[in-house]
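Enquirer: Read off the chains here:
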Amino acid sequence: MKRRKRMGAAILATAVAGFIIAVLWVQHPALGQSRRTLYWGTSGDDVALVQRTLADWGYYFGAIDGTYGYKTFVAVRSFQRDSGLRADGIVGRATWEALGLGVVQAAPAWQAPAVSWSDDFWLMARVITGEAMGEPYTGQVAVGAVILNRTRHPSFPRTISGVIFEPWAFESVTNGLIWARPPTDSAVRAAGDALNGWDPTYGALYFWNPATAVSPWVWSRQIITQIGKHVFAR
Amino acid sequence: MREKWLALLAVVGALVLGAWGLGQRGMATRTQAAMEAGYQRDFFDLINQVEQIQVLLSKALVSGSERHNISQLTEIWMRANTAQSDLSHLPLKDVNLSASRKFLSQLGDYAYRLAQANARGNPISDKDWDRLQTFQRQTARFSSTLHAVQLSMARSGFRWSDVAPRRPGAAKKTAPRAPRTAAQTAGAGALDGFTAADKRLQQLPALIYDGPFSDHLEKRRPLGLTGEPVDEARATRIATDAAGRGQSVGRPRLTQGRLPTFSVTLRDGRNPAPIVVDVSRQGGHIVQMNDARPIGTPRIGSDEARKRAADWLAAHGLPGMTPTFTARVNNSEVITFVYRQMDTLIYPDQVKVKVALDNGQVTGLDAVSYFTNHRERDLPRPRLTPEEARAKVNRRLRVDNVQLSLIPTESAKEILAYEVRARLGRDTYLIYINALTGEEENILKLVDTPNGKLVM
Numbered sequence: 016m017k018r019r020k021r022m023g024a025a026i027l028a029t030a031v032a033g034f035i036i037a038v039l040w041v042q043h044p045a046l047g048q049s050r051r052t053l054y055w056g057t058s059g060d061d062v063a064l065v066q067r068t069l070a071d072w073g074y075y076f077g078a079i080d081g082t083y084g085y086k087t088f089v090a091v092r093s094f095q096r097d098s099g100l101r102a103d104g105i106v107g108r109a110t111w112e113a114l115g116l117g118v119v120q121a122a123p124a125w126q127a128p129a130v131s132w133s134d135d136f137w138l139m140a141r142v143i144t145g146e147a148m149g150e151p152y153t154g155q156v157a158v159g160a161v162i163l164n165r166t167r168h169p170s171f172p173r174t175i176s177g178v179i180f181e182p183w184a185f186e187s188v189t190n191g192l193i194w195a196r197p198p199t200d201s202a203v204r205a206a207g208d209a210l211n212g213w214d215p216t217y218g219a220l221y222f223w224n225p226a227t228a229v230s231p232w233v234w235s236r237q238i239i240t241q242i243g244k245h246v247f248a249r
Numbered sequence: 126m127r128e129k130w131l132a133l134l135a136v137v138g139a140l141v142l143g144a145w146g147l148g149q150r151g152m153a154t155r156t157q158a159a160m161e162a163g164y165q166r167d168f169f170d171l172i173n174q175v176e177q178i179q180v181l182l183s184k185a186l187v188s189g190s191e192r193h194n195i196s197q198l199t200e201i202w203m204r205a206n207t208a209q210s211d212l213s214h215l216p217l218k219d220v221n222l223s224a225s226r227k228f229l230s231q232l233g234d235y236a237y238r239l240a241q242a243n244a245r246g247n248p249i250s251d252k253d254w255d256r257l258q259t260f261q262r263q264t265a266r267f268s269s270t271l272h273a274v275q276l277s278m279a280r281s282g283f284r285w286s287d288v289a290p291r292r293p294g295a296a297k298k299t300a301p302r303a304p305r306t307a308a309q310t311a312g313a314g315a316l317d318g319f320t321a322a323d324k325r326l327q328q329l330p331a332l333i334y335d336g337p338f339s340d341h342l343e344k345r346r347p348l349g350l351t352g353e354p355v356d357e358a359r360a361t362r363i364a365t366d367a368a369g370r371g372q373s374v375g376r377p378r379l380t381q382g383r384l385p386t387f388s389v390t391l392r393d394g395r396n397p398a399p400i401v402v403d404v405s406r407q408g409g410h411i412v413q414m415n416d417a418r419p420i421g422t423p424r425i426g427s428d429e430a431r432k433r434a435a436d437w438l439a440a441h442g443l444p445g446m447t448p449t450f451t452a453r454v455n456n457s458e459v460i461t462f463v464y465r466q467m468d469t470l471i472y473p474d475q476v477k478v479k480v481a482l483d484n485g486q487v488t489g490l491d492a493v494s495y496f497t498n499h500r501e502r503d504l505p506r507p508r509l510t511p512e513e514a515r516a517k518v519n520r521r522l523r524v525d526n527v528q529l530s531l532i533p534t535e536s537a538k539e540i541l542a543y544e545v546r547a548r549l550g551r552d553t554y555l556i557y558i559n560a561l562t563g564e565e566e567n568i569l570k571l572v573d574t575p576n577g578k579l580v581m
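Top line first, the protein sequences correspond to chains A and B.
Those letters in the first sequence? Residues 16 to 249, per this note's numbering, in order.
Those letters in the second sequence? Residues 126 to 581, per this note's numbering, in order.
It is worth saying that the hints were derived from the structure and are not from the lab.
Note that CB positions come from ideal geometry on N, CA and C, so glycine has one too.
For lysine-lysine, the following PhoX-like pairs were computed, each having C-alpha atoms within a straight-line distance of at most 20 Å: (1) K184(B) with K252(B); (2) K570(B) with K517(B); (3) K538(B) with K344(B); (4) K129(B) with K17(A); (5) K20(A) with K129(B); (6) K324(B) with K218(B).
Have a look at the derived ranges for each label pair, beta carbon to beta carbon: (7) S58(A) with D552(B): 56 to 62 Å; (8) R370(B) with A226(A): 30 to 36 Å; (9) R383(B) with P197(A): 32 to 38 Å; (10) P231(A) with K517(B): 54 to 60 Å.
Make a model of the complete structure from these sequences and hints.
Expert: Below, the structure is given as structure tokens:
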């Protein structure tokens with residue numbers, strides 16, 4: 016009798032603790048997503064991200080399986096050698112940054128030339144991070160270009176913040192992800208290039224990932240090109 | 126004894142959890158109420174603005190005073206902007222209102238252009254009057270639709286937060302699977318009026334006028350692409366030559382926008398960053414280029430960079446370009462070149478060249494503007510002399526230079542103007558005086574920042 020009661024209480028306490036942690040975790044997605052150090056034997060989405068990036072750049076030829084094995088090790092070492100880093104096969108902060116997937120430092124490498132840009136500029140960098148992290152650099156600039164193209168089209172709001180905060184326009188805004196992560200270094204450069212007028216999409220107003228479910232209406236738009244995982248259309 | 130402590134712990138834990146839960150629920154209710162208040166405010170403001178626009182349009186149609194017209198049209202423009210902004214705040218997920226927003230944008234901008242023309246002494250023509258009357262009728266219908274929607278919402282106890290999906294995952298589904306509450310069904314019904322109004326607005330004839338939202342701008346085709354169509358292999362060769370390093374990787378990506386291109390990606394063994402070169406399908410022109418390699422410490426100066434850029438352009442089919450503004454970005458220099466026809470600077474024919482300051486290599490190019498607009502133009506002869514243009518600017522300015530130029534407008538129309546470079550104190554301005562009418566067309570301010578001159 017005593018033992019059962021004790022077990023019951025212990026189970027209840029564990030359940031309560033687990034519930035509280037689960038709720039906090041759901042409310043703060045950032046808790047699970049700061050950059051880990053990766054080495055032979057780790058596995059996860061961030062490993063898949065590294066594999067995908069290195070595959071894009073011609074270093075990695077294995078399967079994108081999210082498991083850090085021999086092929087990944089060789090690819091990482093090769094990349095580190097080419098980038099002038101210590102070729103130890105361990106993806107630490109320096110390697111993450113060389114991949115363009117690291118976290119922005121206090122002083123960003125790209126300096127915005129005009130004060131009047133700075134709010135829009137950082138907002139755009141956040142949205143690019145939220146929508147196109149892990150995409151090729153051209154794809155990141157393309158997301159920024161879509162935002163700018165919208166400000167010039169009569170069917171959309173006139174300002175960059177208006178376009179970004181339009182309800183349900185961008186998934187990373189709707190689910191709060193743009194505030195959870197700081198902008199990545201490559202997103203900061205991409206936002207700058209987009210604001211300087213670079214438009215790899217030649218006027219696109221919409222973009223989406225064809226592998227996920229989107230409204231059927233958007234497929235009736237004229238498709239311009241596909242960069243990485245995103246299709247761009249007007 | 127131990128069970129008592131554990132039991133106590135469990136009870137305390139449950140109480141804490143309960144209190145926390147109640148607190149969270151209270152916070153959620155307050156947040157939802159604040160959001161609902163925001164949406165209601167946007168909706169009511171939208172109704173109010175559209176009503177006012179409708180009345181102002183009626184007044185503008187019957188007013189006999191030009192000055193009064195100008196103030197009415199300007200107020201219409203302001204209210205149309207606000208209405209369009211309100212509409213874009215509303216959480217309408219499954220309802221597509223882009224035609225309504227386009228209508229408000231075009232209406233507002235049209236009124237603004239008309240007010241400007243009036244201010245220059247051009248009275249409202251018959252065609253403009255007819256257009257305004259059409260706008261007035263459409264706005265009246267839109268206004269009555271909004272009233273009907275609001276009435277049906279009031280009757281059914283509609284709340285905007287009912288339209289918004291509660292769970293983040295629900296946003297992905299295109300059709301709701303869970304049974305809807307009465308409020309949600311009523312809400313969907315109330316918004317049908319919105320959808321019907323938008324459908325009607327989609328069927329309006331194209332509006333062509335002198336402004337950035339004119340429908341004719343959607344149909345623009347690039348004018349500067351000369352030559353025969355090229356195939357993938359040739360495009361790849363052109364791209365490889367232009368890039369200066371690397372080999373093509375994979376097949377070129379097709380882009381099918383206004384300027385169809387082959388987008389070639391190149392890589393070399395020494396540098397992991399790719400180079401992307403877009404080659405136009407017609408004529409094989411290099412339209413865009415970007416080399417994302419990291420740039421080392423600067424070793425060459427602005428003058429040398431400009432020379433390298435000009436040499437590259439001349440070697441790649443773009444001679445005769447004049448450098449204008451420069452900006453320093455991240456150890457690179459971005460120089461804007463424009464085409465010079467005889468003694469006139471043709472601003473719409475613009476190419477931006479990015480030069481890496483560590484070795485002088487051209488790492489970036491943006492010639493979209495050039496290939497969209499360039500052609501040998503039949504330029505009119507200026508009716509003013511440069512001295513007359515100089516005399517037209519504000520007396521307080523010190524004029525440095527006068528240069529004849531062709532400037533673009535927001536509606537893609539081109540105006541021949543004298544670019545008068547003048548200073549007031551320490552600020553430099555570019556004032557554009559129409560070379561045919563002597564009107565001041567535009568003023569640009571040159572802002573000196575540590576990263577180069579910014580034109581605002």
